[in-house]
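**Student:** Protein chains in written order, with this note's numbering: chain A, 1 to 483; chain B, 484 to 1153; chain C, 1154 to 1373; chain D, 1374 to 1685.
Honestly, the hints are just simulated from the structure, not real lab data. Please read all numbers here as calculations on a predicted model, not as lab measurements. Hints may be right or wrong, so weigh each one.
[Unchecked claim] With a cut-off of at most 25 Å between alpha-carbon atoms, the simulated BS3-like pairs for lysine-lysine come out as follows: (1) C:K1365 with B:K1123; (2) B:K1123 with A:K429; (3) A:K429 with C:K1369; (4) C:K1303 with B:K1123; (5) C:K1303 with C:K1237; (6) C:K1371 with B:K1123; (7) D:K1540 with D:K1421; (8) A:K429 with B:K646; (9) A:K369 with B:K646; (10) A:K429 with C:K1365.
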Amino acid sequence: MEIFWLLGIPLTGGVFLALWGCRRNAPEINALFSLLTLAVAAWLTVRIVAEGPMMVGNGWFFIDSFNVFLVTLTAFVAFTTALFSRPYMRIEEEHGRLNATRLRLYHSSYQIFIGAMLLALTTNNMGILWVAMEAATLATVLLVSLYRTPASLEAAWKYFILCGVGIALALFGTILLYFAAEKILGSGGTALLWTHLNGVKTELEPTVLSLAFVFLLVGYGTKVGLAPLHSWLPDAHAEGPTPVSAVLSGLLLNVALYAVMRSKVLVDGALGTEMAGNLMMGFGLLSVVLAAFLIKRQTDVKRMFAYSSIEHMGLITFAFGMGGAVANFAALLHMTMHSLTKSAIFFAVGHATQKAGSQLMSDIRGLIKTNPTIGWGMMLGTVAILGVPPFGVFASEFLIITTAMHEHPWATPFLLLALGVAFASIFGKVQPMVFGETELPRLPYQPALTPVFVHLALVLMLGLFIPPYLADWYRQAAALLGG
Amino acid sequence: MPVAFLADSILDLAWGVVLFWLALGGASLLLHGSPRLLTRLVFPLGALGALGIAGVGVAGLILPASAMVLPIGLPDLPFHLRLDALSAFFMVLLGGAAFGITVYATGYFRSMAAGPLALLAMWYHLFLAGMVTVLLADDAYAFMVAWEVMALSSYFLVTTDHKIPEIRRAGFLYLLIAHVGAVSLLLAFGVLQGGEGDYTFNTMRLAELTPFWSSAVFLLALFGFGAKAGLVPLHVWLPEAHPAAPSPVSALMSGVMLKTAIYGLLRATFDLLNVQIGWWGTLALALGLITALYGVIFAAVQSDMKRLLAWSSIENIGVILAAFGLTLIFHTDGKGALAALTLTALLYHALNHAFFKGLLFVGTGSVLHATGERRMGHLGGLMRAMPWTAWLTLIGALAIAGLPPLNGFVSEWLLLQAFLFTPGLTQPYLDMVVPVAAASVALAAALAAYVMVKFYGVVFLGQPRDPALRHAHDAGWPERLGMLWLAAGCVLLGLLPTQVIGWLEPVVLMLTGQTLPGAGSWLLLAPVSTERASYAPLIFLAVVVVVLLLTYLWVRRVYHGRVRRSDPWDCGYPEGDARMQDSAEGFGQPIRQIFEVFMRVERETPDPFDRKPHYRGDSRDKLWLLIYQPIDDLTAWLSKQAGRLQHGRIQWYLIYSFATLIFLLVFAAR
Amino acid sequence: MTLTYHLQIVNLLAALLLLISFAMLSQRRVVGLVALFAWQGAALALSTAIIAWSTGQHHLYYSAALTLALKVIAMPWYFYHLVKRLNVNRAVEPMINIPTTMLIGIVLVIFAFNLALPISEMSGTVTRSTLGIAIACVLLAFLMMITRTKAIPQVIGFLSMENGLFFAATSATYGMPLVVELGVALDVLVAVFVLGIFIFQIRETFDSLDLKNLEKLKDK
Amino acid sequence: MSVSLQLAQTLLAILLAPLLMGWVNQCRAWLQGRSAPPITQPYRTLRKLFHKDAVIAHNASPLFRFAPYMIFACMALAAGIVPTIANDLPFSPAADVIALVGVFALARVFLALAAMDIGTSFGSLGARREMLVSFLAEPALLMVFFTASLISQSTELPHIVETLAHKDFAIYPSLAFAAVAFWMITVAENARIPVDNPTTHLELTMIHEAMILEYSARHLALIEWAVALKLFTYSTLGIALFLPWGIAPHGDVAALPLALAAMVAKLALGGALLSFMEAISAKVRLFRAPEFLGTAFMLAVLGMLIHFLLEV
């Protein structure tokens, strides 16, 4: 039953905010719904960890450790982002960049977006998964274009067209999947249920599945932001409101990658070859290297961190591509760390940009002089995302790189190069923003930095100590992915 | 088993000190309101911790190795800690130097503003904790975490004064190179690991690697640790970062942190890799000698006193690395005793460097404090104004110049002895290499003397180049105590070599499986045999002192002690003033003239009619242009090319997707 | 033998679809594009209905009706009015000139058929050979989206790609499960709605629907 | 017994050192056609200086007054290590050849520091030039010693002499190189032409004199004496390394008189040779000095290489 609560709360939230979203306390309501969602998610998680995978609604929903951990992560980041967006959006409104109706749109599509992602995560039906992904895209398109500035419109348009096309290809992949499946499972609803497919994956037709995987990978990969399908990502992240950038980076990319992984499991079963893995490794490496070099020339802070998201998704994809218990474990860990850290960074960046009134890094200077908390939040977040211990991102990068060196040494020079360049570029740009002199005044209001430091604290904690049950949970998930 | 129990308990003690330091760090953040408490309570407690670490180290040299597992870390990989002779020795080094430096710091930081001071205190103790954990770590993850914590905290210490752009640049360069080095260490561990995510050093010790892969590990480790140690050409960050930090921090970084890199190199090469290959040694020897000469030459032409010391650290690291290479050569050649000798020299020099470099850096700290001036061209004559600092620094300067009977000479002596044994080597080409190597070591030592005369003479002797310097205040008592401790270390390490070498024996035995034959007595240092070579610093000192006193008394008795004061002889040129003394640039000029090939010299010479003639000669590192600039340009070019992909036309973006799809359909979907 | 008879009609319609795709590639005027899109939808609906009737897959009737309602009536009508109101029915000059596009299109079709060949072999459905055509339609629509530099044609290209997908679904697998079909239809509907909003916004922001205005965001 | 011998020998060195200096000056005067000062002239100078009142600059630091004693002590120690007439020096194990180089370096550093102490432009100029000369001379000297120690498998001077003089005779080509190098080093280290000119006070050329410009009276006397002692030590060192025959072997008291005679003869010869070389050569420009010493350094290293090539 939790599942229906889990999906129902955000959807009703969306409807509710769509109807009454104009009132003053809409942000609080938004946060409240997110909190409820989080509560349900936590409850669900507890049950899954206790009782193992479960099917709900005669097989329409399937929850195992893999997606339940993403569900919790999604609900959690969604909640903290809602908390962050409370003051943030108010200030945007005061600055006159938004009005009440837009805020209503914002809040309701925010909830719908969350609901769509949760649906995508929990559904057992590959078709519904596709539908949910598309819905999430549509919801975020509206969010990206919220400011109605030319730039945001352009970003939203590109986002829509590119992801729409990608998603369409993914649909074709799904069709092929169904086409292969119905010969074994018979036509009708059950033939797209992942659990059923997983049961018979070895019997599925290899040629069809390899074809299907290509379409699925290109399709969902577009949303993951794998190079060279990533072109929409920096624009959408840079031009949308910062909370949206946070959830896009922190959550949507994960969900898309989740879809890819679900398909990969089936394809691996059917082909019994490394094809899927190698493809993912290739895409991953390409993304890491390309993103690293693209970061170097950025001038817009949000754009830069968007590219860093591409880099990290590439790293995760690479790790999943390598497969094996350690690599999968590392990839899942990195997913978590990246979501938490990157959203924290976007929170800090959001306040920094509001303070400077510009997203150009050359305009943001000497944060720790006037707003030490923002400054340190940004500095520590950056250091964390760059994979410096004791923050958790390092834990996963440690596992990924060492495993890569052990399994696929040929790939490590690229990783070394990319990590070095990315480090130089990002840190070299962030340092003057945080340190140094500035004439900018203090922020007139109290920034919402609790989320930032909660996230960073979690990342720090996970870098030094991963609670056993969390570890078991990761292990189960890694095992599900064919570790 | 009481001994084992004792060993475990000292390991607990060491970890306890780490936690204590972490707690101090946290506390100092809470105490940001009260700077008095910070300097008068937190730093002294930190110094106590350092003393404890030194004690642990001494005990660990005697007691058998002990290990423990902490409940933190990765799920399948909790932190493993282990205290064996090697880490114990480096803990003695760390504790010994850090104690003096921290005592010094209690006085040094008193003038600092509360807020920055709290942060600094936090990072300072985090830094100490990180270094000790590096020495204790017994699995790759714990090691890397500690390693990077060390780098990160020192970065924040370096950028304490982040308002100055140069300092920010220095910090950035430092952290960047440290990070790249760390990644290459990761790769080394990746090769060593047994797979299945087992990263404990124990499994690595058992790993059977092909020569190719073990060489790969060695090279990666050499790169990673070399980046931290300031091995040429990875040294560029060091002359920038070390001067930028507050002096006690510079002292810690130069004196102690660089040694953790040496520790890592020894650990990886002799402990983790279960087979060594000869050419590694030759490579390390060559690199070490290049580093030593490069460092000392550049030290000679510096005009900023802390920068000069930083370059001299590079030189010393080079000497240590040369010793490391020689150890490898002997070890792989089956000359156990000689390997033991060179290793002893290596460890001894590391220990010495920790003390005298720490002493010199804190000395410059006091000068900086009293005068606010780092450029030697604006200092001078401080011996009158601040005698304590001057005389204590003199000890450090003489020690680092490798003069008997101080400690710098002992390690050089041991190293040079090692060169005299090489005729026994089996590879003949080494016989050719060795004389040159010995010559370069000797040359580096002689140049070090040059550098130190320049450093000491320009800063402390002569006339003050700025009238304000006459009223410079001497260091306060905590500073004096700290410097006294370090100076005493220099003297004692110089006078009691046999005892020290006795302490080093377990380490040498652990790494080379051999000990020195060690003839000679408590008085006489004779590493191999008394016929072969011997040195007795105590007698040495005694004779010098006796002769000195006798001469003095004799002169006084037979003749007289009358003294008349007058102006110095001005060669008939009355306008001579303090500005006419040799400036730092002037003193370095011959060296620059001889070794100009290595440098990019920038000169500003005044024309004859200048009202205010001004001369500036600046010698820059040519390697920056030769290596780093091209790399930077290349990445910039590549990123420019990459940027072209992202040029805004949605049609093109669609084409990317389309092309990708077609490509995959053609090649993958079969 | 009725089946083959139906089969022939379906194949005919498939050919028609392909033809229309090519026509769209070459069509310069937006209104004509809209009309072609409607025709394509009609052909799709018809073929779906025939397949439904010939194979007795009743849920296919629903999707046929859905297609008819959305893609033959609602959307073309909507677009028609959009074009009229925004008065953008000028000749649109594609990025690549028409003949070249055609050539590329033909290459794509051949490629698609080759791709589909091994799969159609194993297909159990009567209409196996149409899968290749479906792929071809998808790729052609993709090509069209690439070549068009105006907003509305691009959207239409996007939708005709959806048509191709639908056709693939019906012909190769007798349609996806109904829920999925409905979901997809809903998404498409919302998508079109959102796109409409966008087109208005773009119009009022740039007072033109030329995508050349949307090339500001780039890496310097 | 041997302890007394040691003391006697050291004292002898200290006392005879000015004599050698006088002898060299005398020879040089002859060779230059000047009327020579008496051979005991250095003693007189010393006595005169000791009697004078010391004049010290106002800003001189304690280091300035301490340095002369230090330098003298170092030279005495050096003289104690080198076997002049007898070979059993109970004190020599305390410091081998490397330590000997260290002692010279110690003295030099103190002299340079003292020179910089007053802060006249001459002092620091002299100190700089001195260090410039030494940073090439010192390793060269070390290399010379290394060649000898490689032959004799020891860095202890007595053992070296033992091997070279009293073991069965052998020809060591490497020692030839070492000898030439050593000669050049000696010239440089003792501030003789062509590197430096002990009699000049021209600021453009002087090295050693520039450093001690500020010294007077007893301090100057001690320094002068130390200089003489340095020359003496270098000479005996050269003798011990390259023509050690005649030095009394261990515990052989009977050989002592002969050894003394031999030593005096050799010293006289060496001094004459030194002054002769000085007379026939001209002082080189300062920046030729590194080339001169570089040659010495190269020769020393070559000697070592040759040893590795031919004699191992």
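**Student:** Next step is simple, just say for each hint if it's right about the structure.
**Tutor:** Here's how the hints hold up against the structure:
In summary, the hint linking C:K1365 to B:K1123 is supported, as the alpha carbons are separated by about 23 Å, within the 25 Å threshold. For the hint pairing B:K1123 with A:K429, the CA-to-CA distance comes to about 17 Å; that is within 25 Å, so the pair holds. For the proposed pair A:K429 and C:K1369, the alpha carbon gap of about 23 Å is at most 25 Å, so the pair holds. This hinted pair does not check out: C:K1303 and B:K1123 have alpha carbons roughly 29 Å apart, beyond 25 Å.
For the hint pairing C:K1303 with C:K1237, the CA-to-CA distance comes to about 15 Å; that is within 25 Å, so the pair holds. Between the alpha carbons of C:K1371 and B:K1123 the distance comes to roughly 12 Å, so the proposed pair stays at or under 25 Å and holds. This hinted pair does not check out: D:K1540 and D:K1421 have alpha carbons roughly 47 Å apart, beyond 25 Å. As the CA atoms of A:K429 and B:K646 are separated by approximately 16 Å, the hinted pair is consistent with the 25 Å bound.
A C-alpha spacing of about 10 Å is found between A:K369 and B:K646, which places the hinted pair at or below 25 Å, so the restraint holds. Restraint check: the Cα-Cα separation between A:K429 and C:K1365 comes to about 31 Å, which exceeds 25 Å; the hinted pair is violated.
The earlier numbered hints that this structure contradicts are 4, 7, 10.
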